[in-house]
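Asker: Residues in the sequence shown are numbered consecutively from 1, following UniProt numbering.
Certain hints may be false.
If you anchor each label on the Cβ, the simulated ranges turn out as follows [to be verified]: (1) Lys12 x Gly32: 16 to 26 Å; (2) Glu20 x Asp50: 24 to 34 Å; (3) Asp10 x Val46: 13 to 23 Å.
Quick caveat, the hints were computed from the structure, so don't treat them as lab data. All C-beta atoms in this analysis are idealised placements derived from N, C-alpha and C, irrespective of residue type, glycine included.
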Amino acid sequence: MTAELNKLSDKKLKSLHGKERDNIGFFADGAGLSAKASKAGGISWVLPTDLMAKS
1 MTAELNKLSD KKLKSLHGKE RDNIGFFADG AGLSAKASKA GGISWVLPTD LMAKS
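Please build the complete structure, drawing on both the sequences and the hints.
Answerer: Set out below in C-alpha cells:
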C-alpha cells in the first residue's frame, strides 16, 4: 500500500502563510514530507533524513 501524496494544496499553504499562531504546526503532505508553520507565520518544508537512509 502506498502513501497518499500531495495532501497539501496551494490554497491551504497560502492560508497558513503569514498568520501568527500560538504554537508551531506541522501539516503532512505525504511520504514523510511536512510543512512546518512557525509562530510568526513562516512556512518551511521538513523531510526527516532517516527516511532517505539506505537499508
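Asker: Determine for every hint whether it applies to the structure shown.
Answerer: Right, here's what the structure says about each hint:
Taken as a hint, the range 16 to 26 Å holds for the pair Lys12 and Gly32, whose Cβ atoms sit roughly 18 Å apart. In this structure the hint that Glu20 and Asp50 lie 24 to 34 Å apart at CB holds, the actual value being about 31 Å. A hinted range of 13 to 23 Å for the beta carbons of Asp10 and Val46 is consistent with their spacing of about 18 Å.
Violated hints: none; the structure is consistent with every hint.
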